[in-house]
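Chemist: Keeping their order, the protein sequence lines are chains P and Y. Start counting the first sequence at 13; every next residue gets the next number (this note's numbering). Start counting the second sequence at 2; every next residue gets the next number (this note's numbering).
Treat the hints as calculated values from the structure; they're not laboratory data. The model shown is predicted, which means the values in this text are computed figures rather than measured ones. Careful: at least some of the hints might be erroneous.
[Stated by the list, open to error] Straight-line C-alpha distance at most 20 Å; calculated EDC-like pairs for lysine to aspartate or glutamate:
#1 P/K133 / P/E143
#2 Y/K9 / P/D105
#3 Y/K6 / P/E87
#4 P/K20 / P/E71
#5 P/K30 / P/E220
#6 P/K79 / Y/D244
#7 P/K15 / P/E143
#8 P/K229 / P/E35
#9 P/K37 / P/D76
#10 Y/K17 / P/D105
#11 P/K15 / P/E130
#12 P/K222 / P/D234
#13 Y/K247 / Y/E79
#14 P/K20 / Y/D244
#15 Y/K247 / P/E93
#16 P/K222 / P/E87
#17 Y/K6 / P/E17
#18 Y/K17 / Y/E79
#19 P/K20 / P/D80
#20 P/K188 / P/D80
#21 P/K38 / P/E71
#22 P/K37 / P/E87
#23 Y/K17 / P/E143
#24 P/K188 / P/E130
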Amino acid sequence: MLKVENLKKCFGSFQAVKGISFEVKKGEVLGFLGPNGAGKSTTMRMITGFIPPTSGTAEICGHDIIKDPVGAKSELGYLPEAAPSYRAMTVTDFLAFIAKIRGFAGAAAKAKVDEAIEKAKLTTVARQTIETLSKGYRQRTCFAQAILHDPKVLIMDEPTDGLDPNQKFVVRQMIKEMAAEKAIIISTHILEEVDAVCTRALIISRGEIKADGTPDKLRAMDPSGKLDVVFRNLTMEKEGK
Amino acid sequence: MCPCKKIKTVFGREFKSYFDSPVAYVFLVAFLVLTGFLTFGVAMFYERRQADLTPFFFWHPWVYLLLVPAATMGLWAEERRNGTIELLLTLPITLWEALIGKFLAAWAFIGIALALTFPIVCTAAWLGSPDFGAVFCGYLGSFLLAGAATAIGVFASSLSRSQVIGFVIALAVTFLMLIIGFDPVVNAVANWGVPSGVVNAVASCSLLQHFESMRRGVVDFADIGYYAGVIVFMLTAAQVVTDSRKAS
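Start from the sequences, fold in the hints, and give me the full structure.
Modeler: Next up, the structure:
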């Protein structure tokens, strides 16, 4: 469903992403692991069409992100880092705006908005303006816009960052509920998240893929069998610490 | 989905957002108070004893100079500051659709402010018999001028994530585009010994010169073409800037 081919990004002379390739199939939840500044967000921003890659490309359900960006974006749900939204709008108005842009009108749009509100468990705050909501609800509002059109590919940049344990649990629950039908990518630097939701993980450091496999396979890379040790070995030695 | 629908959706959200905060009302009141004061207090509308609106339209460029940047400064700067630009531009729309939607929303908003000046037309009609063709022409010219100023504002707003910078740059660019055709300035420059061909060529690029004839009731397609040109140029510049700097 999602195919990334040799994606590279340079900012001036700095190479943020150095040729990343992978595929995600339906039913997979791929964890994107890496320290801060590893290139996770940059990679996601290129796949979602927000910034153009320096070279390489990606395909979302057969739509090339360079040749057919609008087609690719319509198959995609994206939760950007820090979950931005139009804060002066109410949750319902905001989601109705997203529904309209995604081509739904009238009763179909309303049905999609109601469904997203229910799935993201926002019913109690649906009429409030987003700026009055707590961080957890704001995160879920942005999550709701990402899943509103039932996308085949879902990309989430640190979806549980800054949430309390209960909110994290709710978000992870929502991801699990829809995992079977979609190809999902989640970036995180929280290793427990991998065990909680991911079926596969990539470890990225300095713009390169260092490891790719199921959580169990990654764990087996170190005699200790601990994911954090594997993560440290792969990402820290390269940074010369 | 047709681009028009997407533009309309962006337009709708942006236009409504003006009224979600007090900004819209402050703006409308300021616009009406300023135009009213300048027309009646400074230009002596009654004392002229003529039922025409040239003294009313005379001040519009200077009112737009102050107020249009205030209406446009947030268009892109806010999106960047809040990170919503990442949301907007990863939806299935093109940057052009987003840009045109925003531009039209701001222009329509200023159009509403302009439309709310209708009592002055009523006043003139009650006191005498103004030439309604000329009045229409003046409004058309003023609306086009507002469109050009809005496009400049959209461009200025795309330059940075700071609204203040967006405001100041829009003000400076609009001021420059006005002043190069302002008669006292044009005459002063001509007196310095600058060849009159150069002075006239520069002055003909001014927002003011093209408004001048419309203000007096003459519609020339060259003037309309000029405003369309400024709008297209400024929006293209905004497109290029936003595209290259959206992630920063």
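Chemist: For which of the previously enumerated hints does the structure constitute a violation, in increasing order of number?
Modeler: The structure breaks hints 7, 11, 16, 17, 20; every other hint is satisfied.
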